[in-house]
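Positions 179 to 317 (this note's numbering) are the ones given, in order, by the sequence shown.
Don't take every hint at face value.
Unchecked claim - Pair ranges (Cβ atoms, derived):
| id | residue 1 | residue 2 | range |
| --- | --- | --- | --- |
| 1 | 299 | 231 | 26 to 36 Å |
| 2 | 219 | 295 | 17 to 27 Å |
| 3 | 264 | 294 | 13 to 23 Å |
| 4 | 294 | 228 | 24 to 34 Å |
| 5 | 228 | 295 | 33 to 43 Å |
| 6 | 250 | 299 | 27 to 37 Å |
| 7 | 208 | 287 | 12 to 22 Å |
| 8 | 293 | 223 | 26 to 36 Å |
| 9 | 265 | 295 | 12 to 22 Å |
| 10 | 229 | 294 | 13 to 23 Å |
| 11 | 210 | 298 | 11 to 21 Å |
Derived from the structure by calculation, the hints contain no laboratory data.
We treat Cβ as the ideally placed atom computed from N, Cα and C, and that holds for glycine.
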Amino acid sequence: MPRFFLYAALFLFFSFPLLAQEEETPPFTADSTTFIEQVWNYFDNYQGIDKPSRPQIRKITADFAEIWNLPSFTPNFKATTVATLNRMDAAGMRPIPHFEHFLATLSTFYRTTPDWDNFYQWNLALEASISTRNVRQFD
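Build out the structure end to end from the sequences listed, making use of the hints.
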(Lines of atoms letter the chains of each structure in order from A and count residues from 1; the text may use other names and numbers.)
(Lines give C-alpha, C1' and ligand atoms only; values in the text may rest on other atoms or scores of the structure.)
Protein backbone atom coordinates (compact mmCIF):
# COMPACT_ATOMS: atom_id res chain seq x y z
CA MET A 1 0.00 0.00 0.00
CA PRO A 2 2.79 2.54 0.73
CA ARG A 3 4.16 1.93 -2.77
CA PHE A 4 0.81 2.87 -4.26
CA PHE A 5 0.90 6.24 -2.50
CA LEU A 6 4.50 6.75 -3.56
CA TYR A 7 3.67 6.04 -7.20
CA ALA A 8 0.55 8.17 -7.04
CA ALA A 9 2.51 11.05 -5.50
CA LEU A 10 5.24 10.76 -8.14
CA PHE A 11 2.68 10.62 -10.93
CA LEU A 12 0.92 13.75 -9.66
CA PHE A 13 4.21 15.53 -9.07
CA PHE A 14 5.40 14.96 -12.64
CA SER A 15 2.06 15.36 -14.42
CA PHE A 16 0.99 18.61 -12.75
CA PRO A 17 3.61 20.79 -14.49
CA LEU A 18 2.58 19.29 -17.82
CA LEU A 19 -1.06 20.10 -17.18
CA ALA A 20 -0.22 23.59 -15.98
CA GLN A 21 1.94 24.20 -19.03
CA GLU A 22 -0.83 23.01 -21.30
CA GLU A 23 -3.25 25.54 -19.81
CA GLU A 24 -0.83 28.44 -20.29
CA THR A 25 -0.84 28.20 -24.07
CA PRO A 26 -3.89 29.99 -25.46
CA PRO A 27 -5.44 28.39 -28.53
CA PHE A 28 -5.66 31.67 -30.43
CA THR A 29 -3.10 34.34 -31.27
CA ALA A 30 -3.50 37.68 -33.03
CA ASP A 31 -1.32 36.55 -35.93
CA SER A 32 -3.50 37.67 -38.83
CA THR A 33 -2.02 35.17 -41.24
CA THR A 34 -2.84 32.10 -39.14
CA PHE A 35 -5.86 33.15 -37.07
CA ILE A 36 -8.53 31.68 -39.34
CA GLU A 37 -6.52 28.45 -39.50
CA GLN A 38 -6.36 28.45 -35.68
CA VAL A 39 -10.15 28.79 -35.52
CA TRP A 40 -10.54 25.96 -38.06
CA ASN A 41 -8.20 23.71 -36.05
CA TYR A 42 -9.97 24.55 -32.79
CA PHE A 43 -13.32 23.53 -34.25
CA ASP A 44 -11.93 20.51 -36.11
CA ASN A 45 -10.00 19.12 -33.12
CA TYR A 46 -12.87 19.53 -30.65
CA GLN A 47 -13.86 16.19 -29.13
CA GLY A 48 -16.82 17.13 -26.93
CA ILE A 49 -20.55 17.23 -27.51
CA ASP A 50 -21.90 19.05 -30.56
CA LYS A 51 -18.72 18.47 -32.57
CA PRO A 52 -19.07 20.60 -35.70
CA SER A 53 -18.97 18.99 -39.12
CA ARG A 54 -16.44 20.10 -41.72
CA PRO A 55 -19.08 21.92 -43.81
CA GLN A 56 -20.13 23.83 -40.67
CA ILE A 57 -16.52 24.72 -39.92
CA ARG A 58 -15.97 25.82 -43.52
CA LYS A 59 -19.01 28.13 -43.39
CA ILE A 60 -18.16 29.60 -39.98
CA THR A 61 -14.53 30.30 -40.85
CA ALA A 62 -15.32 31.60 -44.34
CA ASP A 63 -17.96 34.00 -43.03
CA PHE A 64 -15.69 35.33 -40.32
CA ALA A 65 -12.63 35.49 -42.60
CA GLU A 66 -14.47 38.12 -44.67
CA ILE A 67 -14.50 40.43 -41.63
CA TRP A 68 -11.09 39.42 -40.26
CA ASN A 69 -9.33 40.22 -43.55
CA LEU A 70 -10.87 43.66 -44.03
CA PRO A 71 -8.33 46.49 -43.71
CA SER A 72 -10.85 48.33 -41.50
CA PHE A 73 -10.85 45.44 -39.00
CA THR A 74 -7.98 47.03 -37.12
CA PRO A 75 -5.45 45.44 -34.76
CA ASN A 76 -7.60 46.68 -31.83
CA PHE A 77 -10.59 44.70 -33.12
CA LYS A 78 -8.38 41.67 -33.76
CA ALA A 79 -6.65 41.71 -30.37
CA THR A 80 -9.96 42.10 -28.55
CA THR A 81 -11.51 39.27 -30.57
CA VAL A 82 -8.58 36.97 -29.82
CA ALA A 83 -8.68 37.81 -26.10
CA THR A 84 -12.42 37.12 -25.95
CA LEU A 85 -12.06 33.77 -27.73
CA ASN A 86 -9.28 32.75 -25.34
CA ARG A 87 -11.46 33.69 -22.35
CA MET A 88 -14.33 31.71 -23.81
CA ASP A 89 -12.04 28.71 -24.18
CA ALA A 90 -10.79 29.10 -20.59
CA ALA A 91 -14.42 29.25 -19.38
CA GLY A 92 -15.14 25.93 -21.09
CA MET A 93 -17.39 27.23 -23.83
CA ARG A 94 -17.95 24.95 -26.81
CA PRO A 95 -17.30 25.62 -30.51
CA ILE A 96 -20.98 24.94 -31.22
CA PRO A 97 -22.98 26.95 -30.14
CA HIS A 98 -20.82 29.43 -28.17
CA PHE A 99 -17.94 30.21 -30.54
CA GLU A 100 -20.17 29.94 -33.60
CA HIS A 101 -22.65 32.44 -32.15
CA PHE A 102 -19.92 34.81 -30.98
CA LEU A 103 -18.25 34.88 -34.41
CA ALA A 104 -21.59 35.28 -36.22
CA THR A 105 -22.69 38.04 -33.86
CA LEU A 106 -19.35 39.80 -34.18
CA SER A 107 -19.58 39.64 -37.98
CA THR A 108 -23.11 41.06 -37.97
CA PHE A 109 -22.18 43.71 -35.41
CA TYR A 110 -19.17 44.80 -37.45
CA ARG A 111 -21.13 44.90 -40.72
CA THR A 112 -23.83 47.11 -39.18
CA THR A 113 -21.80 49.20 -36.71
CA PRO A 114 -18.06 49.15 -37.49
CA ASP A 115 -17.31 51.55 -34.66
CA TRP A 116 -14.57 50.78 -32.14
CA ASP A 117 -16.29 52.44 -29.15
CA ASN A 118 -19.55 50.51 -29.66
CA PHE A 119 -17.64 47.29 -30.20
CA TYR A 120 -15.56 47.88 -27.08
CA GLN A 121 -18.64 48.52 -24.92
CA TRP A 122 -20.42 45.45 -26.34
CA ASN A 123 -17.34 43.34 -25.71
CA LEU A 124 -17.03 44.59 -22.10
CA ALA A 125 -20.59 43.44 -21.42
CA LEU A 126 -19.83 40.08 -23.00
CA GLU A 127 -16.59 39.70 -21.01
CA ALA A 128 -18.49 40.30 -17.77
CA SER A 129 -20.88 37.49 -18.70
CA ILE A 130 -18.02 35.15 -19.62
CA SER A 131 -16.19 35.85 -16.38
CA THR A 132 -19.14 34.58 -14.34
CA ARG A 133 -18.36 31.14 -15.80
CA ASN A 134 -22.06 30.41 -16.17
CA VAL A 135 -21.77 28.81 -19.59
CA ARG A 136 -25.40 27.66 -19.58
CA GLN A 137 -26.63 31.23 -19.99
CA PHE A 138 -25.13 31.20 -23.48
CA ASP A 139 -26.91 28.03 -24.65
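Hint by hint, which ones does the structure fall short of?
-> As far as the earlier hints go, 2, 6 and 10 are violated by this structure, in ascending order.
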